[in-house]
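S.K.: Given these sequences and hints, build the entire structure.
So the protein lines, in turn, are chains A and B. Okay, so the first sequence: first residue is 1 according to the numbering used here, each after it adds one. Okay, so the second sequence: first residue is 1001 according to the numbering used here, each after it adds one.
Think of the hints as simulated: they come from the structure by calculation, not from any bench. None of the values given here were measured: they were computed from a predicted structure. Keep in mind that the hints are not guaranteed to be accurate.
[What the hints assert, rightly or not] Under the rule of at most 27 angstroms between Cα atoms (straight-line distance), these lysine-lysine pairs were calculated in the DSS-like manner: (1) A:K6 x B:K1042; (2) B:K1063 x A:K30; (3) B:K1050 x A:K38; (4) B:K1140 x A:K30; (5) B:K1140 x A:K7; (6) B:K1042 x A:K42; (7) B:K1042 x A:K7; (8) A:K7 x B:K1144; (9) B:K1063 x A:K7; (10) A:K6 x B:K1144; (11) B:K1103 x A:K7; (12) B:K1024 x B:K1103; (13) A:K30 x B:K1045; (14) A:K6 x B:K1140; (15) A:K7 x B:K1045; (16) B:K1062 x A:K30; (17) B:K1045 x A:K6; (18) B:K1045 x A:K38; (19) A:K38 x B:K1024; (20) A:K184 x A:K282; (21) B:K1050 x A:K30; (22) A:K6 x B:K1103; (23) A:K42 x B:K1062; (24) A:K340 x A:K184; (25) B:K1024 x A:K42; (26) A:K6 x B:K1050; (27) A:K38 x B:K1063; (28) A:K184 x A:K215; (29) A:K215 x A:K345; (30) B:K1062 x A:K38; (31) B:K1050 x A:K42; (32) B:K1050 x B:K1024.
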Amino acid sequence: MDREEKKLIDEIRNGLQDFEVPYEEGSWEKFQQMYQEKADNKQRSLRKTPLVPWKYIAAAAAVLIGALIYMPWQAPEEEINRQGPIARKERSPATDNEPVKRLSEVERKVVSSKRQVSSGEERVIEHVLASHQDEVMLTEPDAPDQEVAPTLPKDDTPPVRWRELTLASNDPLDEPAALDSRWKFGVEINSSLTSDKLQLAAGLLAQFQVSDKIKVATGLTYSSFAAVHAISPVQLSYDTRMIGGETTIKAIDIPLTVVYEPSDGWFASVGVSALAVLDENKIHRMESEALHETFVLDPESGASVSVFEVVKNEYIEQSTDTDFEGRNNLRYLNLSLGKKQRLNKRTEILFEPFVKIPMGDLKREDINLLNSGIKLKLLF
Amino acid sequence: MGVALRYVSDRDTAGMVVNDSFLKIFGNLDTFECRDPDNFNKLLKGWMAKITVRTALNEIRKKKASSLEEPLTDEHHGHFSVLLPDNLHIENVWDLINNLNPKYRRVFTLYEVEGFNHEEIAELMGITASSSRVYLARAKERLKMLYRTLMV
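M.R.: See the structure below:
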């Protein structure tokens, strides 16, 4: 580097480093205002930023699981009503003229039956009786404990508890049956249309009755469906162009659905499902053009004349890439309406027209995976 | 503002760069570490200058993306208003700098003024280190030529 160059660069460097622009009046106020606006916008956007639906799903699942775990397992009303007459049946002797004697008889019966029930059953019995405690207390208002005591074996359990067991021992298995009846399991098949081909899917179902009108359902469905690529023709070379494509997917669909059943038989459901793609087959539809020469004889001169024509040929080419396989953000929003028909005491058949709206990475402009069809479910 | 103007000629854009830089500076003030309290002012100024440089280069990149790249020209139509015998007036410095091809100007400023090496410049500008060396050499050639013209 010669001296002239060094001097020049030093002067430029010093000039630029020492260069300062004088403060312009109002610049700080402008900046402060902009800074405040940006901070406000950031705060607002943080508040408004919609959560990824998966977070809602996770929250809903957590609430659901929590509800299932901590829900007070009370028998449905009809079960309680069914036990009502039993309580009344036991109550009637108390109003008789010989309450002590009748009560003693009943209690003796309980002592023998108590020895047969398991500890698990005892808990259920105790729970049922807890809800009937008031009734029981009213059952023998005049029965003095001292008169009852000689008929009981040595036990620390208070006498009232024995009277409770008296009622429960008549139908100890009713309550577990009520719990079981909230769960229903079943199978489903559905047919849908994503392209011109009819798609079939089949799977297993589990449904839990949260309340009289609300149910939560999940399951596992294996489906195979195809979707046509909506693309504009792409010229790949001077004589070949890609005119379309089709993707066939084999997948497991895991739905989480909330079912609302306002009236007996009719229901509507909304839910989301995660799709795990097991296999994806993607093909491209190609079109090639070839110039064909044919020879014809001129009828007038008899000479051979060449005629050229462009012949189009369509063929399918297997794609090496995939659009969905291996991805984990594949989701559907599921909506349906349906009608339930009871076949017998335990079995129901459901007809359910549905629509599945792609979300996440399933939502593509070039591949329409929206599908609709009808489900046929059998619940036991 | 002076730092921003080394990279963007437009004063409004430079003002925007300064504002954005200060937003970043305030937002990241807790990350500034001063290991030499005696040189606190110098270190803080250097740290702020680096943020401003990066913000300016980002702004240039954004403009490139929206096809608003500064026109590339090798023509030198500089007019130097004042010539001082021993040192250049700041206006002359800006004239020299502004008459450089924008890429040469950025590389020259980053290397000679900010003190970045060619690898860092390559990363900042999205070019190769060898391109950075070539741009720097060309920038110096142009500056010398302009300076000689100015001296005549």
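S.K.: For each hint, tell me whether it holds in the structure or not.
M.R.: For each hint, the structure was consulted:
1. A:K6 x B:K1042: Holds, at about 25 angstroms.
2. B:K1063 x A:K30: holds (23 angstroms)
3. B:K1050 x A:K38: OK: B:K1050 and A:K38 at ~22 angstroms, within 27 angstroms.
4. B:K1140 x A:K30: violated (39 angstroms)
5. B:K1140 x A:K7: holds (12 angstroms)
6. B:K1042 x A:K42: violated (32 angstroms)
7. B:K1042 x A:K7: This hinted pair holds, its Cα atoms lying about 24 angstroms apart.
8. A:K7 x B:K1144: holds (10 angstroms)
9. B:K1063 x A:K7: violated (34 angstroms)
10. A:K6 x B:K1144: Distance ~10 angstroms between A:K6 and B:K1144 Cα, so the pair holds.
11. B:K1103 x A:K7: holds (22 angstroms)
12. B:K1024 x B:K1103: holds (25 angstroms)
13. A:K30 x B:K1045: holds (22 angstroms)
14. A:K6 x B:K1140: holds (10 angstroms)
15. A:K7 x B:K1045: holds (25 angstroms)
16. B:K1062 x A:K30: holds (23 angstroms)
17. B:K1045 x A:K6: It holds: about 25 angstroms lies between the C-alpha atoms, which stays within 27 angstroms.
18. B:K1045 x A:K38: holds (24 angstroms)
19. A:K38 x B:K1024: holds (12 angstroms)
20. A:K184 x A:K282: The given pair, whose Cα atoms are some 38 angstroms apart, is violated under the 27 angstroms limit.
21. B:K1050 x A:K30: holds (23 angstroms)
22. A:K6 x B:K1103: holds (21 angstroms)
23. A:K42 x B:K1062: holds (21 angstroms)
24. A:K340 x A:K184: The given pair, whose Cα atoms are some 14 angstroms apart, holds under the 27 angstroms limit.
25. B:K1024 x A:K42: The hint holds at about 14 angstroms.
26. A:K6 x B:K1050: Given that 27 angstroms is the threshold and the Cα spacing comes to 24 angstroms, the pair holds.
27. A:K38 x B:K1063: Holds, at roughly 21 angstroms.
28. A:K184 x A:K215: Given that 27 angstroms is the threshold and the Cα spacing comes to 10 angstroms, the pair holds.
29. A:K215 x A:K345: holds (19 angstroms)
30. B:K1062 x A:K38: With Cα atoms ~19 angstroms apart, B:K1062 and A:K38 stay inside 27 angstroms; holds.
31. B:K1050 x A:K42: holds (25 angstroms)
32. B:K1050 x B:K1024: holds (11 angstroms)
Taken one by one, the earlier hints fail for this structure at numbers 4, 6, 9, 20, listed in ascending order.
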